[in-house]
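Trainee: Listed below are the residues making up each chain.
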Amino acid sequence: MGILEVKDVNKRFGGLQALGNVNLSVAENTCHAIIGPNGAGKSTLLNCLVGKLIPDTGSVMFDGQSVLGRTPFEINQMGISRVFQTPEIFGDLTVMENMLIPCFARRDGSFALHGIRSVFSEGELRDQAEQMLEEVNMLDKRNMHSASMSRGDKRRLEMAMCLVQNPKLLLLDEPTAGMARADTNNTIDLLKEIKEKRNITIAIIEHDMHVVFSLAERITVLAQGTPLVEDTPENIKGHPKVKEAYLGEAA
Amino acid sequence: MNVKPDFSKNANHAQTAPAFLSVWDMHAYYGESYIVQGISFNVHEGEILALLGRNGAGKTTTLRAIARMDSPQVNHGEIWLDHQPLHKMSSYEAASVGLGLVPEDRRIIPGLTVEENLQLAQIAPPVGWSIERIYDLFPRLGERRSQEGVTLSGGEQQMLSIARALARDLKVLLLDEPYEGLAPVIVDEIEKTLRVIKEQGMTTILVEQNAVRALQLADRAIILDTGSIVFDGSAAEVLENAQLRAEYLAI
Amino acid sequence: AGHEGFTNAPTGSTVTLGFNVPQSGPYADEGADELRAYELAVEHLNGEGDGGMLNTFSSKALDGTGILGKKVEYVTGDTQTKSDAARASAKSMIEKDGAVMITGGSSSGVAVAVQALCQEAGVIFMAGLTHSNDTTGKDKRANGFRHFFNSYMSGAALAPVLAANYGTDRKAYHLTADYNWGYTTEEAVKSSTEAMGWETVGTVLTPLTQTDFSSYITPVLQSDADVLVLNHYGGNMVNSLTNAVQFGLRDRIVNGKQFEIVVPLYSRLMAKGAGANVKGIFGSTNWHWSLQDEGSKAFVQSFGTKYGFPPSQAAHTCYVQALLYADAVQRAGSFAPCAVVEALEGFEFDGMGNGPTLYRAEDHQCFKDVLVVKGKENPSSEFDLLEIVEVTPVDQVTYAPDHPQFAGGALGTCNNGA
Amino acid sequence: MDAIILQILNGLDKGSAYALIALGLTLIFGTLGVVNFAHGALFMIGAFCAVTLSRLLSLSHKVEVPGAVDFLGNPQMRDVPYIYDIFGESLGAGIIDWAVPLSILFAIPVMILIGVIMERGLIKHFYKRPHADQILVTFGLAIVLQEIIKYYYGANPIPTPAPSAFVGSFDFGALVGFEPGTIIYPYWRLVYFAFAAVIIGAVFAFLQFTTFGMVVRAGMADRETVGLLGINIDKRFTIMFGLAAAVAGLAGVMYTPINSPNYHMGMDFLVLSFVVVVVGGMGSLPGAVLAGFLLGILESFASMREVIAIIPGINQVIIYLVAIIILLTRPRGLMGRKGVMED
Amino acid sequence: MFGLDKKDASLLLIVAVLVAFAPFFLNPFPEGSAMAQFNAGYPDLMQRFVIFGIFAIGFNILFGLTGYLSFGHAAFLGVGSYAAVWMFKLLSMNVVPAIVLAVITAGVFALIIGYVSLRRSGIYFSILTLAFAQMSFALAYSVLTPITGGETGLQLALDDPRIFGAATTAEGNIPVPGFFGLEMRDSTELVFGNWVFTFNVGYYFAAIIMLISFYLSIRIFRSPFGMMLRAIKSNQQRLNYTGLNPRPYTLAAFVISGMYAGLAGGLMASMDPLAGAERMFWTASGEVVLMTILGGVGTLIGPVLGAGLIKYMENIISKINSDILHSWFAFLPDGLEDVVVTLIYPFIGKGWHLTLGIVFMLVVIFLPGGLVQGGQKIAALFGRKKAKEPKNATTEPAE
Ligand SMILES: Nc1ncnc2c1ncn2[C@@H]1O[C@H](COP(=O)(O)OP(=O)(O)OP(=O)(O)O)[C@@H](O)[C@H]1O
Ligand SMILES: Nc1ncnc2c1ncn2[C@@H]1O[C@H](COP(=O)(O)OP(=O)(O)OP(=O)(O)O)[C@@H](O)[C@H]1O
Ligand SMILES: [Mg+2]
Ligand SMILES: [Mg+2]
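Protein chains in written order, with my numbering: chain A, 1 to 251; chain B, 1 to 251; chain C, 1 to 418; chain D, 1 to 343; chain E, 1 to 399.
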């Protein structure tokens, strides 16, 4: 029984069957990759997990509880954090403030009215935030206006915001797209390390096979909304159907 | 190897050199932050130039400056395209003389369907590929033609963004991380297309984090670091120079 | 400002009056006319110009040397026809400019609000144009005085004329502005016409902010009413009358009678705004420049000479109020509000238009003749829009101080302030 | 029954005024995304185009009226319009009589010019600024325009009647078998209704059958990208603004015989037109028109005595009440587009 | 100091000093001089400055931080003043219960209206709040006349019950509002040669409340709550996926700013015990929006400056008439004097709206950040702070 159990999930957009009978089980403290051609329904699947979309049928259980019918913030409070395909950060805020908000969310729950206390008196949270920034190599940018960062930096920030929440399940939608090679490698290391240290389960969508094969312990290949195969990286690499439909020459 | 092109201060290089697109001593700012710090380079007709560098090096800024976007502001410098002074034009004028940009964040226009996004590109002359031909290259777009553009999957949006550039008759194509978020097979497909249009005489500047892939395609390469050119030479040279690769590209 | 036992006692050789009129908003033109009248009054008080009504005023206390020998100066302010703004403006006159008397205004809401303020601050308020019963009814104040007539008087003056012209067997339909002035006017007209035998078949309240009255007019077509009474003022009246005429109400024959429209309170500016639609429509007014008594003639002469056109009723009332205040101070020998109140209470005078007039002590309301007018069929100029049908003698419009339409509220005692 | 029919007519008529004003506003506000508090002022200026033209036409010289004296005892003067001297008295009077319809021709170029100047000179710099800044600048502009009109024309309403051919009413009821005189409707209001229909149709057609609408919509969503595609969006925005100003102005011109124009009539309509546009849904022309008619009709019904008797004061609040109900039940008004001014 | 960082503390201190010495600053011209017209140091206007300052500070907590533009905030001010006047009528002339009730009533109103309106965002939210406020205005002006006094406003009367206080004073007048014996309208004057400075109890009472409100608003701006509100403005989506529920935050901001408005309303009634329905009209709501933008949205002190400027224009420029103008330019030769007066005349007195409109446009065109930005420019000009190094990192909204 995995920490995340997706059963028979279906989702239609008008005439398009975006997800068809998707079953997925992610074991605790593993890294599970979801790959597949563009438009296969990978992001849609993640959207169903975090409450952005509600599946037409099927069930999604996390940690023994159903996530369906819960609002996004409730699902996050259960321990699921997500990095989006296009960076979603608080553009008007500084990097440090961006980091503090998830810290508050973790400490205080979905709503707490600290109307008078100063942000600067939150020493402990600031330390956590700084430490996380350090880990993603962004400490020097902590007072920067986050909207004016380059895109690779925005991605790293978003990932840091999710990691600092110490989620049980981390959902990553192409986290390294547009990231420089060096940072991609750092990210791989970081994710590996954090997964071990903090006992985090990771589900990752990636088109960069280097990342996929370095991180994933299991891989699901999704095509046209249905899982094609699920297997270990080695087997996937050699799988002829996957090669033809997805990997092309890269394999 | 740290070659800066040799421009004598007084000569207007662009009028003498055989270059097709020529950037001369360009300085670009976002508000008060000084990003592109005086770069000069030439691109010859029919050439593919790879523009490489770390996150935040200023690649996107350079492309946006050439495309004459409102930000960054180019405070100094000249940009010539085929003997026309781009630096005196606004972005729509630059587009009308044959410049096209595929922006890094795709910029699909909300509220418009896929087809309308493409039609929009063909309103102002010069018109390039027909919409049918585009659908041949990207069948997925054809299938989704009446879907709202922004609801496309990430990769589909990237296809649409490239397609929109092809829908115009371009002399110079600026590609900002065009492979991002695309399945490996599609990347192969696009690479082929780029070769084809190169044959037809299109000049291309390619910004890409996957440096190896970019260098295999490109004729020449420029490496940017914190807003300055640190290398300008043939693509093969970069692939061979391990030190350069390690220092600036981490590969 | 010094301390002589009352607010803003004038110390130097001058005395400052505060003219608080609408300078912006829909009544700005009316306010401008009021201001012209005040400027004229100041001129006359200071012995400049031809003296205007000072020559015809029955009291001869004023001699053209200012008030109690002090030259009259004035400050102006904008009421915006909003009670808050009017009070702010009046306060600045009192607190900053040291005005001993505030006068002006062009709506009852403003008059009542400023009157209360003056009471509290200990200065005299001489109301400008305010027609609601409340100003000298439930909201009366000891420091406040009204020369203008009121809703009750309109009703009392109009009813007999309407009965004489349209008969006593009429069915009236009221459209009434949905606020205090509208309520008092409707009540006044209703009760006095009903006393003549008319029947009221419907009353509908219309929002202040209404501009198109068509949906209120068409039900009139459906009712069996043969008279429409428009208890509207200003822009409301201009629009409702225009709409009523558009819908052909005046061409209708109902119950075998010609359909008629009545506008209880008329002003020249409103008549101008409504254009040809006012022709032949009855209403009442406080004063009109075509009056031929000596006072009116003198005023029209000096106003017309100075500004090139005849004064409005608002201008008249304001001019008269300024003179009455000055005269009261002169007679009392003091600017102290309580002395002025004493001098004005029960004061009888003549020569200011409207015939012999009484400032009644019980409620500080002037009692004088009221004019019933009618839109003129063939105006000879852009000012000649109304013709006087009848000058209703004062007795006919006088009521007891405890008349139910004026019930509630108390005058209180005069306040000299600090 | 006839009462209901009359109220429906009233509603349609009021609705056509609302729809027309909202149409112009939605071109700027719903389509260009500029919170234009000066829209009411444009409507008002349109109305004053009519006033101005009728004043121009009746420019006069003075002639002494023999024997009469004015209020000061001087000889009475009479105005004789120059146009009488040119065209003779009857034709001259006829032209003056038709001043309001003629003003349409006068107002179109004037309003387009005002719209274009306003856009080029001012609004252009505010597309990228926050809505708050747009509010401040257009509100300032509205005040300035109002005050200029007030300075020259005063604060009092100025009667501007319809041609005498359109004075009087049309007996609908008799046409369909009701008792004569029960369902009558003024000619000019019928004209207004027809006029509104024509303008609305024309604007729809222009935006529907050309790519203009799509380009402007795209430009509002993302100016930068549209520029990248070689489209001069500024020019189109200017045209759009001129068009919107002309629509607002024409609505104003035709409204003058219904209610005498005054300098603050724009402000009176302003809030209402914003409500209509938003209830219709941001960025939707049909929505704005539909909301205009809907609110017009509901307002008319709410002003009936029978209705007020049941719910006192309903006529005071009906528009806002309906607006609240619609906005709460339909997230983006009647037909709003997603993402337009939702943040 | 007070849990503020140095910059904020010094801002608070500067404001406190300005407020305390306002009677001097605002009356720079000697009595009787030509320029005395521009003096604003009289009680009513000074009270208005601080009261509208409170209103704008509160409004800015909602609009400046969350970006939710309420176009109906005047309703809360109106409700607050009605509540306060009713307290005066029923209970006593002490301002404390009146103000407390004003704040509570406005808060309850804000809770209801906010709960409903916050179901929508952007312009849809604005129109919802506008609709509620317009309904309140229309009803208060007409149907609710027995409660609100309608057109003439709710006033005190001689026959009010006033359970814990005298219905009338010894002289037979209506008593005035006070704070345990201190009457709000009491003033002392300090005469200094030709200068007269007025120190008014009501002003200082309101000013102290304003300083407290200002202090609270700084604390809110710098608190986690304030940060959440800015995050809502920036990206509500992300906030949701970060495990935070935006609704209670916006509602809290709405209620707090509604209570500020109620406080302003209560104070207004305490200075001048009358409450009129026009206070709730949309133009009144629009005014606070304009004040905030004019001063600088999201800045701490901006809204107060904006409120000051608008109230100054309304009360000072509108009072200049042609007589005063002539007396100013009397030194010019006659012909020239007339020309100058004719040129200026349209902009003063009854033309004050024109000047206001022009000021709005000029400020927003040349100072995109509002008056606060103007202040910064001047400060930069005097080189005290030197043009700060590249400002790509606007860490906090500017002050
Ligand atoms: N709101 C929507 N309405 C209609 N179709 C949609 C919507 N959202 C997604 N789709 C379609 O559903 C399909 C699955 O999309 P999804 O974003 O899940 O793909 P993906 O696997 O993440 O692809 P990529 O790798 O390109 O990001 C796509 O074809 C997309 O066009
Ligand atoms: N709008 C902006 N305002 C201010 N600074 C900006 C803005 N956009 C980018 N910058 C800064 O300019 C620098 C260069 O950014 P640019 O986006 O050109 O980098 P890049 O080379 O494209 O990086 P990436 O590979 O991450 O896309 C970065 O340091 C970034 O912080
Ligand atoms: Mg995806
Ligand atoms: Mg980039």
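FYI, nobody ran anything at the bench for these hints, they're computed from the structure.
Quantities reported herein were computed from a predicted structural model and do not represent experimental measurements.
Hints should not be assumed to be uniformly reliable.
[Claimed, not checked] Heads up, simulated DSS-like pairs for lysine-lysine below, C-alpha to C-alpha not over 30 Å straight-line: (1) 62(D) - 171(B); (2) 376(C) - 190(C); (3) 62(D) - 279(C); (4) 141(A) - 89(E); (5) 171(C) - 279(C); (6) 235(D) - 88(B); (7) 243(A) - 7(A).
Trainee: Each hint: holds or not?
Mentor: Structure-based check of all given hints:
1. 62(D) - 171(B): Given that 30 Å is the threshold and the Cα spacing comes to 72 Å, the pair is violated.
2. 376(C) - 190(C): Between residue 376(C) and residue 190(C) the Cα gap is close to 25 Å, so the pair holds against 30 Å.
3. 62(D) - 279(C): Holds, because 24 Å separates the two Cα atoms, which is no more than 30 Å.
4. 141(A) - 89(E): 60 Å, violated
5. 171(C) - 279(C): Roughly 21 Å between the alpha carbons, so the hint for residue 171(C) and residue 279(C) holds.
6. 235(D) - 88(B): 18 Å, holds
7. 243(A) - 7(A): At roughly 27 Å apart (the allowed maximum being 30 Å), residue 7(A) and residue 243(A) satisfy the hint.
Hints 1, 4, counting from the list given before, are not met by this structure.
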